[in-house]
Amino acid sequence: MGPERTFLHADPHLPFLSFISTQLSNKRVVTTDTVTSIATTTIVATMTFTNFLKFSSFTLLSLTLLHRFLPSLPLLSSLSHRHHLLLLLSFLSCTLLYLYLYARRRPLPVFLFDYSCYLPEPERRSSLEVCEYYGFRCPRLSHSTADFMRAIFLKSGLGDETYAPPYIFQEDYDAKFRYAVQEAEEGMFDAVSSLLSKTSIPTSAISVLIVACSMFSPVPSLSSFIVNHFNFDPSIKTYNLSGMGCSGGTMCCDLAAKILCSKPGYALIVVTENMSLNWYFGENRQMLVTNCIFRVGTAAMLLTSDPTRRCSAKMELVRALRTHHGAEDAAYNAAVQMEDEDGSVGMSLSKDLVRVAGAELRRHISTLAPHVLPASELLRYAWNVVRSYAAGDHKTVHVPDFTKAFEHICIHTGGKAVINAVGKLMKFSAEVTEPARMCLHRFGNTSSSLVFYELAYFEAKGRIKKGDRVWMLAFGTGFKACSLVWKALRDSGMDSDNPWQECIHRYPVK
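Anchor point for the sequence shown: position 166 equals 166 in the UniProt record's numbering, and the numbering is continuous, going up by one each time.
Check the hints yourself; a few may be wrong.
What the hints assert, rightly or not - Here are the simulated lysine-lysine pairs, DSSO-like style, with alpha carbons at most 27 Å apart:
#1 Lys237 <-> Lys351
#2 Lys198 <-> Lys465
#3 Lys510 <-> Lys258
#4 Lys155 <-> Lys424
#5 Lys263 <-> Lys176
#6 Lys351 <-> Lys416
#7 Lys461 <-> Lys424
#8 Lys198 <-> Lys466
#9 Lys427 <-> Lys198
#10 Lys465 <-> Lys404
#11 Lys416 <-> Lys466
#12 Lys466 <-> Lys487
#13 Lys466 <-> Lys404
#14 Lys510 <-> Lys487
#15 Lys263 <-> Lys314
#16 Lys427 <-> Lys416
#17 Lys510 <-> Lys395
#18 Lys258 <-> Lys487
#19 Lys487 <-> Lys427
#20 Lys510 <-> Lys198
#21 Lys351 <-> Lys258
#22 Lys314 <-> Lys395
#23 Lys314 <-> Lys487
#24 Lys155 <-> Lys510
#25 Lys176 <-> Lys258
#26 Lys237 <-> Lys198
#27 Lys351 <-> Lys404
#28 Lys395 <-> Lys487
#29 Lys395 <-> Lys461
#30 Lys155 <-> Lys351
#31 Lys487 <-> Lys461
#32 Lys198 <-> Lys155
#33 Lys395 <-> Lys427
#34 Lys461 <-> Lys314
#35 Lys404 <-> Lys427
#36 Lys404 <-> Lys487
#37 Lys427 <-> Lys155
To be clear, the hints were calculated from the coordinates, so they are not data collected in a lab.
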């Protein structure tokens with residue numbers, strides 16, 4: 001074996017230790033001035049600038065108080081009036097400078113300035129009749145497959161007004177790249193145009209653009225599609241996320257908030273999904289389910305950290321929480337894109353999906369609960385748990401009442417079974433899960449944009465009042481979960497581009 005290696009790391013305190021050593025070696029008699037000089041040098045060397053200001057401020061404050069209330073002390077009584085004023089001014093200067101730096105370092109609040117949801121044209125509606133017609137006429141689908149898809153559709157909770165991708169209505173019944181581009185451009189361009197129009201924010205004011213689409217990642221990227229179409233400034237910072245699943249929309253908001261919290265600005269978020277190249281044409285029934293429940297949808301949101309926009313913003317982001325449970329194989333494999341035995345590519349939803357979603361959601365909310373629940377509800381929950389254990393009951397699962405923390409809850413509408421499982425786990429009433437069930441009926445599973453269609457449902461109903469708290473809960477492949485907590489800054493109203501405008505009077509349906 002070779003000689004043992006020793007790695008020397010630079011110590012920021014070494015120069016000052018050398019200075020102390022030099023001072024002591026040059027002084028045969030260590031005086032009070034020498035000690036004071038060494039102490040001052042050591043303190044300054046081992047502190048950051050901000051911490052030094054804190055130290056100086058509180059030291060000067062202590063001296064000022066002592067000089068005010070204990071004038072008989074020899075040290076302080078010897079100070080002249082001029083020295084007293086100098087001491088006071090120094091203290092005030094350090095305090096003001098410290099407060100200024102604290103204000104600069106404190107994260108800026110982030111607001112949801114406005115949002116817009118894409119509403120496709122009526123001729124794109126995918127009723128049961130359209131699904132049956134496509135299933136039996138498409139040469140790539142067998143009759144048994146078409147029958148199975150019809151049965152799933154009837155049980156899915158989807159209505160007759162969801163929207164299908166463009167290629168479904170083409171005569172060749174073939175999913176081609178150009179149809180995927182058409183689907184992406186229609187949704188993104190419409191949602192962004194509507195948002196920019198009603199906010200009157202110029203594209204030059206937007207410094208960040210984030211686009212999320214799990215299943216379609218062309219070159220150039222979807223974010224480049226938007227930059228080119230709307231002529232964004234060359235200085236814009238773009239992010240293009242793929243593979244994030246149904247939690248992509250809430251995760252984009254969390255990412256934008258982390259970027260905006262340090263400097264005032266605007267971030268445009270566009271979340272969509274693309275069905276055209278991800279339709280499954282095989283015989284694997286676990287992979288056919290996605291054909292039956294996923295539909296077209298896009299949402300665009302404008303977030304800002306400009307404090308002057310608080311009065312005109314809709315909501316303030318109070319808290320965001322992201323958890324990733326992909327280390328567990330069951331969670332990781334709950335929903336994956338794969339090939340079947342014949343080489344057909346599709347999205348496979350395991351039979352264990354609902355159980356996995358419930359288990360990982362329980363872990364997610366256990367992390368969120370202490371930060372959002374009132375103390376009374378936390379105490380009630382703790383008391384119930386202790387009482388159960390004292391009685392020898394280790395099987396009963398106690399869940400806090402989250403309606404004590406939030407007035408409105410947007411649950412990701414993954415499917416009828418998922419909504420029922422979340423409602424049962426969280427002990428939500430039918431009224432709490434109503435927006436999720438109605439969104440599934442009206443729009444189907446639009447993936448990462450769906451929680452904003454639910455928010456639009458609340459606004460169309462006029463339910464959101466100033467000061468209300470809104471909880472957005474989304475989860476997706478990986479397995480990832482994300483929560484956003486918003487606080488309403490004004491009463492809600494139905495905007496002219498609200499996707500529920502023409503049909504809200506018919507909802508809720510049974």
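Hint check results:
1. Lys237 <-> Lys351: violated, 40 Å
2. Lys198 <-> Lys465: With a Cα-Cα distance of about 21 Å, the restraint between Lys198 and Lys465 holds, given a limit of 27 Å.
3. Lys510 <-> Lys258: Not satisfied, since the Cα-Cα distance of roughly 41 Å exceeds 27 Å.
4. Lys155 <-> Lys424: holds, 19 Å
5. Lys263 <-> Lys176: At roughly 43 Å apart (the allowed maximum being 27 Å), Lys176 and Lys263 break the hint.
6. Lys351 <-> Lys416: Measuring from Cα to Cα gives roughly 14 Å; hence the hint holds.
7. Lys461 <-> Lys424: holds, 25 Å
8. Lys198 <-> Lys466: holds, 21 Å
9. Lys427 <-> Lys198: Violated, at about 38 Å.
10. Lys465 <-> Lys404: holds, 16 Å
11. Lys416 <-> Lys466: The hint is violated at about 31 Å.
12. Lys466 <-> Lys487: Satisfied, since the Cα-Cα distance of roughly 8 Å is no more than 27 Å.
13. Lys466 <-> Lys404: holds, 17 Å
14. Lys510 <-> Lys487: It is violated: about 30 Å lies between the C-alpha atoms, which goes past 27 Å.
15. Lys263 <-> Lys314: The given pair, whose Cα atoms are some 20 Å apart, holds under the 27 Å limit.
16. Lys427 <-> Lys416: holds, 16 Å
17. Lys510 <-> Lys395: With Cα atoms ~34 Å apart, Lys510 and Lys395 exceed 27 Å; violated.
18. Lys258 <-> Lys487: holds, 18 Å
19. Lys487 <-> Lys427: The given pair, whose Cα atoms are some 23 Å apart, holds under the 27 Å limit.
20. Lys510 <-> Lys198: This hinted pair is violated, its Cα atoms lying about 34 Å apart.
21. Lys351 <-> Lys258: violated, 36 Å
22. Lys314 <-> Lys395: violated, 43 Å
23. Lys314 <-> Lys487: Since the Cα atoms of Lys314 and Lys487 sit roughly 9 Å apart, the hinted pair holds (cutoff 27 Å).
24. Lys155 <-> Lys510: Holds - the C-alpha atoms of Lys510 and Lys155 are around 14 Å apart, at most 27 Å.
25. Lys176 <-> Lys258: Judged against 27 Å, a Cα distance of about 37 Å means the pair is violated.
26. Lys237 <-> Lys198: holds, 23 Å
27. Lys351 <-> Lys404: Outside the cut-off at roughly 33 Å; violated.
28. Lys395 <-> Lys487: Not OK: Lys395 and Lys487 at ~36 Å, beyond 27 Å, violated.
29. Lys395 <-> Lys461: Cα-Cα ~40 Å, so violated.
30. Lys155 <-> Lys351: Roughly 16 Å separates the two Cα atoms, so the pair holds.
31. Lys487 <-> Lys461: At roughly 18 Å apart (the allowed maximum being 27 Å), Lys461 and Lys487 satisfy the hint.
32. Lys198 <-> Lys155: Measuring from Cα to Cα gives roughly 38 Å; hence the hint is violated.
33. Lys395 <-> Lys427: holds, 16 Å
34. Lys461 <-> Lys314: holds, 16 Å
35. Lys404 <-> Lys427: With a Cα-Cα distance of about 13 Å, the restraint between Lys404 and Lys427 holds, given a limit of 27 Å.
36. Lys404 <-> Lys487: The given pair, whose Cα atoms are some 14 Å apart, holds under the 27 Å limit.
37. Lys427 <-> Lys155: holds, 23 Å
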